[in-house]
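Student: Listed here are the chains, written in short residue letters.
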Amino acid sequence: MAKPVGDRWAQTSLEAAQPIILVEALTKRFGALAAVDGVSFEVRRGEVFGILGPNGAGKTTALECIEGLQRPTSGRTLVLGIDTAKEPERAKERIGVQLQASSYFEHLTLVEILELFGRMYLRRIAPKELLAKVGLSDKARSTVTKLSGGQKQRFSIAATLVNDPELVFLDEPTTGLDPQARRNLWELITALHREGRTVVLTTHYMEEAQELCQRVAIMDRGRIVALDTPTRLIHRLPVPYLVRLLTSTPLPPDQLERLEAVRSVQAGNDGYCLLASSDASKTLPALLMWLNGRGATVEHLEVITATLEDVFLALTGKQLRD
Amino acid sequence: MLWLLFLANLKMVFRNRQALLWALFFPLVFVVVFGVFRFDRPTPVNMAVVDHAGDEVSQQLLQGLQTIESLKLDTKRSEEEARRALADGDIGYVLVIPAGLAQGVGGAGAVTLTLLVDEAQGPQNQMVRSIVERFIDSMNLAVQGGQRLLGMEMQGVNARRVGYFDFLLPGFIGMGVMNYAIIGMATVIALYRQQKILKRIRATPLRVTTFFSAQVLAYLVLSLVQAAIILMAGLFLFDAKVYGNILWLFPLVILANLTFLNLGFIAGSIARSVEAASGLGNVVAIPMMFFSGVFFPTDTLPTALRVVVQYLPLTPLLDALRGVMLEARPLWEFPVALGLLGAWVVVSGVLAVRIFRFD
Ligand SMILES: Nc1ncnc2c1ncn2[C@@H]1O[C@H](COP(=O)(O)OP(=O)(O)O)[C@@H](O)[C@H]1O
Ligand SMILES: [Mg+2]
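Chains as they are written, first to last, in the numbering used here: chain A, 1 to 322; chain B, 1 to 359.
Be aware that a few hints might be false.
Simulated restraints, written as ranges between beta carbons of each label pair [unchecked claim]:
id, chain 1, residue 1, chain 2, residue 2, range
1, B, Ser-213, A, Arg-123, 20 to 28 Å
2, B, Glu-275, A, Gln-18, 46 to 54 Å
3, A, Arg-29, B, Arg-272, 18 to 26 Å
4, A, Leu-14, B, Lys-11, 41 to 49 Å
5, A, Arg-29, B, Pro-205, 22 to 30 Å
6, A, Arg-123, B, Arg-272, 31 to 39 Å
7, A, Arg-44, B, Gly-349, 45 to 53 Å
8, A, Ala-140, B, Val-32, 25 to 33 Å
Simulated from the structure, these hints should not be mistaken for laboratory data. Bear in mind that the values here come from a model prediction, so they are computed numbers and not experimental data. Each residue gets a CB set at the ideal place from its N, CA and C atoms; glycine is no exception.
Using the sequences and the hints, build the whole thing.
Tutor: This is the structure we're talking about:
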């Protein structure tokens with residue numbers, strides 16, 4: 001289990017009690033465009049926090065303002081208690097930053113790059129150890145140009161960890177990767193979480209947010225439209241469940257509609273019955289009891305839970321990916 | 001940290017085979033082409049005549065000499081000027097007519113003319129000597145019916161004879177260093193920005209100035225290596241002549257290269273892509289390559305162009321390089337060139353800092 005955070009990074013108890021990131025009314029304009037438009041949220045110590053949104057939502061801009069790489073137009077960004085608009089240098093020592101689609105020196109080996117980046121910090125982890133952590137020990141002497149997409153991203157995370165940061169920012173760490181490589185990276189991020197690090201990641205993959213994040217901020221057009229745990233975000237939907245049912249004999253839809261928490265019933269053309277439910281834990285027992293009473297044989301029964309994709313659709317009226 | 005980064009940059013510079021190849025290959029191609037096909041201009045026999053007599057006999061002598069087609073006479077120089085021009089290799093010969101020629105010829109004693117020659121030009125000296133002697137004989141014959149009243153003696157002088165290739169070599173050094181610095185720096189900055197390496201560096205506590213200082217240091221070292229290799233190729237493969245202290249070359253190269261690196265940095269900051277950066281670098285470098293006197297002296301340019309060209313950073317570099325290498329003068333005798341180079345460093349440096357952007 002997670003080591004107590006205070007041990008590893010020696011915070012004061014006051015520090016440990018505060019949110020690790022506090023964002024207040026953050027706005028960043030490029031001319032007329034408000035790339036980030038009055039965003040407020042906080043990130044708790046030790047959580048994996050996701051910012052989910054389509055391309056152009058303002059995720060990168062928000063992240064870079066928080067990291068101190070861009071100056072906000074207005075608003076406040078506190079990282080580890082440091083105002084990153086005012087004292088970006090002080091925060092840099094303690095955070096790890098992976099930029100979206102950034103690269104590393106082509107003519108240096110992985111070990112040389114990590115060595116070099118390590119020297120930029122007071123606190124550092126040995127290159128060999130970092131490569132072992134991301135599963136690239138056998139590539140120590142090769143250059144980034146020789147790595148696959150997934151390996152590049154893992155290396156990029158290794159480089160983010162050179163200073164053993166308590167807070168790690170990952171900007172779209174799995175974009176463009178195949179499912180296998182993505183799984184691989186998810187395991188790595190989960191490992192970072194288990195070490196007690198706080199991870200803030202952006203993604204436009206809802207599975208990723210759902211799988212990795214304790215809490216997710218859904219972002220669209222520079223604003224946060226919802227923020228909660230993935231489960232609660234889904235449960236907030238009016239009909240988060242779909243019960244798919246196939247029985248030996250056809251069932252009367254009007255009676256099914258009267259079952260608890262069922263909102264609507266549709267007949268699929270393949271003989272299936274589709275029940276939209278606001279609460280599967282209430283619908284299922286009622287359905288089973290009712291079926292039992294009728295003596296109907298169930299050939300197939302499944303509950304499909306809504307995803308963050310559906311949440312996004314419900315909140316913005318559009319798909320995450322176009 | 002600076003040291004470590006510097007070493008890392010050196011590694012990168014030397015591992016970037018393609019760029020390195022260009023850095024050396026390009027100027028060396030010129031060295032080889034011009035070294036193999038010696039385009040040395042055939043020098044007509046330039047002779048300065050210094051007339052200390054200034055009487056009717058010396059006038060006759062001059063008129064007679066003027067009729068010899070293979071000699072190109074120059075009578076405007078004082079003896080001192082003529083001797084210096086000979087030593088610098090600007091003219092090939094000096095003929096000195098002593099004072100009191102008319103009296104000497106009219107009186108009893110014979111008069112001796114002195115022919116100053118560059119000792120290194122053995123075969124040509126013999127030819128010119130015999131031309132002048134034959135002429136004097138015919139004068140003797142005409143004037144006094146065969147009585148030897150005029151004589152001649154030959155005096156050797158150690159001259160620096162600067163051939164076209166010798167003139168070109170400092171040009172190639174300057175050109176090679178300039179091209180690599182401008183285009184190398186421009187593409188590297190554009191690449192680092194495109195790959196977000198600059199931004200990634202900014203996300204660390206490292207100061208950007210440290211990052212770029214290390215980079216500049218690595219490029220400076222490379223430019224010295226480059227200059228040394230071009231120089232050695234010229235000296236040892238093609239027997240180029242260098243008269244001055246070769247060591248002056250290195251501080252000059254460093255001083256000028258700071259400007260070239262700044263210009264490359266600016267080009268890399270303006271350009272949106274690596275290709276654009278290399279194109280922009282070429283736009284800066286190529287005009288200088290042609291007009292700043294790599295291949296021919298800038299005095300041959302039209303005046304309007306020369307006025308502009310003299311302020312370009314490559315021009316003072318080449319002037320000073322040729323001054324120390326070919327005229328054997330110490331570096332401090334070129335305050336104008338050094339001042340211009342220094343001013344360029346400051347101006348381009350300020351501009352580079354202003355124009356720089358992370359993304
Ligand atoms: N430097 C910039 N100049 C102008 N517009 C920008 C700049 N950076 C981002 N934008 C714009 O801001 C919006 C948000 O971009 P970004 O933060 O990169 O979104 P995301 O990371 O969610 O895809 C986009 O419309 C983008 O075009
Ligand atoms: Mg982005």
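Student: All hints are to be evaluated individually against the structure, with a verdict given for each.
Tutor: Verification of the hints:
Hint check: Ser-213(B) to Arg-123(A), Cβ distance near 24 Å, so the stated range 20 to 28 Å holds. Hint check: Glu-275(B) to Gln-18(A), Cβ distance near 48 Å, so the stated range 46 to 54 Å holds. Evaluation of the 18 to 26 Å hint for Arg-29(A) and Arg-272(B) yields a pass: the beta carbon distance comes to about 22 Å. Distance hint for Leu-14(A) and Lys-11(B): a CB-CB separation of about 45 Å, consistent with the stated range 41 to 49 Å.
Between Arg-29(A) and Pro-205(B) the Cβ separation comes to about 28 Å, which falls inside the hinted range of 22 to 30 Å. In this structure the supplied range 31 to 39 Å holds for Arg-123(A) paired with Arg-272(B), their Cβ-Cβ distance being about 37 Å. In this structure the hint that Arg-44(A) and Gly-349(B) lie 45 to 53 Å apart at CB holds, the actual value being about 47 Å. A C-beta distance of roughly 41 Å is found between Ala-140(A) and Val-32(B), which places it outside the suggested range of 25 to 33 Å.
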